[in-house]
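Counting along the sequence shown from 1, when you hit position 7 you're at 7 in the numbering used here, and nothing is skipped either side.
Hints listed in this document are in silico derivations from the structure and should not be mistaken for laboratory results.
Any given hint might turn out to be false.
Said to hold, decoys possible - Within a straight-line C-alpha distance of at most 20 Å, the following computed DMTMM-like cross-link-like pairs (lysine to aspartate or glutamate) qualify:
# : residue 1 : residue 2
1 : LYS336    : ASP48
2 : LYS110    : ASP225
3 : LYS110    : GLU89
4 : LYS102    : GLU67
5 : LYS92     : GLU130
6 : LYS336    : GLU53
Said to hold, decoys possible - Between beta-carbon pairs, the in silico distance windows are:
#  : residue 1 : residue 2 : range
7  : LEU396    : LEU326    : 29 to 37 Å
8  : ALA373    : GLY321    : 14 to 22 Å
9  : LYS359    : THR47     : 51 to 59 Å
10 : GLU99     : ASP345    : 51 to 59 Å
11 : LEU326    : PHE397    : 46 to 54 Å
12 : GLU99     : THR47     : 38 to 46 Å
13 : ASN185    : ASP345    : 30 to 38 Å
Think of the CB as a built atom: it goes at the ideal place given N, C-alpha and C, for glycine as much as any other residue.
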Amino acid sequence: MPEKCNRHADTSDNEIQVTPVKVTICSEGGDNYRCRLFGVPEHISRTDRAEHEPSYISIGPYHCRREGLHVRSNQWKRDCKKHVIDRLESPKGEASLLEAMKEIEGEVRKYYDEIISSHVLHESGITFREMMVNDGCFLLITLQGLQVPGTDGIVWDNQLWWHDIFLYGNQLPFVVLRKIYQQLNLPADIENGQEDCPLGRISKVIESGLTSYTNRTVSNPGNADHILHLCHELLKPTSSAEMPPPPASDNQQCISDVRIVGRVVEIPKLELQPETWRLLRNLMLLEETNKQLGGHVTAYCTFISQLASTPADVGLLTKKGILVHLENSDEMAAKKLSMLCEQIDYATEDYLIKSVWYKLDSHCSSRWWLWRAKLRRYRDWNNPLVWLGVLAAFVLFLCAILQAAYSMLAYYKQGSQSRST
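I would like the entire structure built from these sequences, with the hints used as guidance.
Dropping the structure here:
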């Protein structure tokens, strides 16, 4: 979970245990609510191509036949498919999986850009269905949707493929995994009505991999359309109704839980690792192409990129414990943060952190608070002689007021006596 953030004020070092809030994914059906996976727009791809292209393994149609992906990944897919075929209820083997994929092929194709996916997989359906089987079996095994002994892989492999499965153009709809799972000889799960059992297991694996960004869990992972959609829901800001009221202020559930409590800005800690840029960029692209999802990730990224736009800002936020980066300098981190939302469009009326930003801007523009800040930052305040001088000045000022008051009182008293005589 995100660690306790510094709130531009002195805080205790004691950690407060936070009870995770479960996320419920909207279950509306229909194409209007489908979390689509269009091709990466050219203007975004030109900006940061490396953040949107897999380096090890392809999932889905867009990179299915791309040259340069590691040969070992294809062998791994074949091994995962063999493990699944060994558990099939039908004796037809892979043919039964291809038949099952044919039943949902039309639904799966609706998620993708038909022009691009048809160009890459131009054969009459069979290649597309083979892709569904290979990639679906791979995700079921590697994400522990189907538990098979001896399929953990090696650490080097896991480090490479893990980051690729969060790419916007490298996704496979969960309907494929659900359909494959239904073909397996697993009577216990079917009898108990646990057809979404693999998605529950997969959700736990994804949640454990996002602990740097959120400590939330998903109550209904079956309503997510794919892995990136699941990540997007996990990073939703916690509503005020779900948050414990103050003074339990150390209750940020995820990095997007930015808020103002009194005169304190609460910003959860953000670890700027290489995969952080990739995840946030792909989540913003998901929001841009699926307006029905809202824009909470884009709003957060806009907020943090504007808040830390200079090396001095990054240095201050790092000192306060809000930012942790692995760049060579604060200047490089500020440069990357300033480019975080490059080529990403967002609607200002949907800017979820807009009220926080306006309050922060109004506070920083106030002359009263600017004067107080300058006064508190005076470098000689640590000198006790300065405090003695201030105290002496205050006493002299008080004596002057008292002297003036007594002088006025004596004047009025003398005037009243002269009038009485």
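Evaluated hints:
1. LYS336 / ASP48: Judged against 20 Å, a Cα distance of about 11 Å means the pair holds.
2. LYS110 / ASP225: Given that 20 Å is the threshold and the Cα spacing comes to 12 Å, the pair holds.
3. LYS110 / GLU89: violated, 29 Å
4. LYS102 / GLU67: At roughly 27 Å apart (the allowed maximum being 20 Å), GLU67 and LYS102 break the hint.
5. LYS92 / GLU130: Within the cut-off at roughly 15 Å; holds.
6. LYS336 / GLU53: The hint holds at about 19 Å.
7. LEU396 / LEU326: 29 to 37 Å: Since the Cβ atoms of LEU396 and LEU326 sit about 55 Å apart, the hinted range of 29 to 37 Å is violated.
8. ALA373 / GLY321: 14 to 22 Å: Given about 20 Å between the Cβ atoms, the range holds.
9. LYS359 / THR47: 51 to 59 Å: The hint (51 to 59 Å, Cβ to Cβ) is violated, given that LYS359 and THR47 are roughly 32 Å apart.
10. GLU99 / ASP345: 51 to 59 Å: The hint (51 to 59 Å, Cβ to Cβ) is violated, given that GLU99 and ASP345 are roughly 42 Å apart.
11. LEU326 / PHE397: 46 to 54 Å: At roughly 53 Å between Cβ atoms, PHE397 and LEU326 fall inside 46 to 54 Å, so the hint holds.
12. GLU99 / THR47: 38 to 46 Å: 42 Å Cβ-Cβ, so the 38 to 46 Å window holds.
13. ASN185 / ASP345: 30 to 38 Å: Hint violated: Cβ distance 48 Å, outside 30 to 38 Å.
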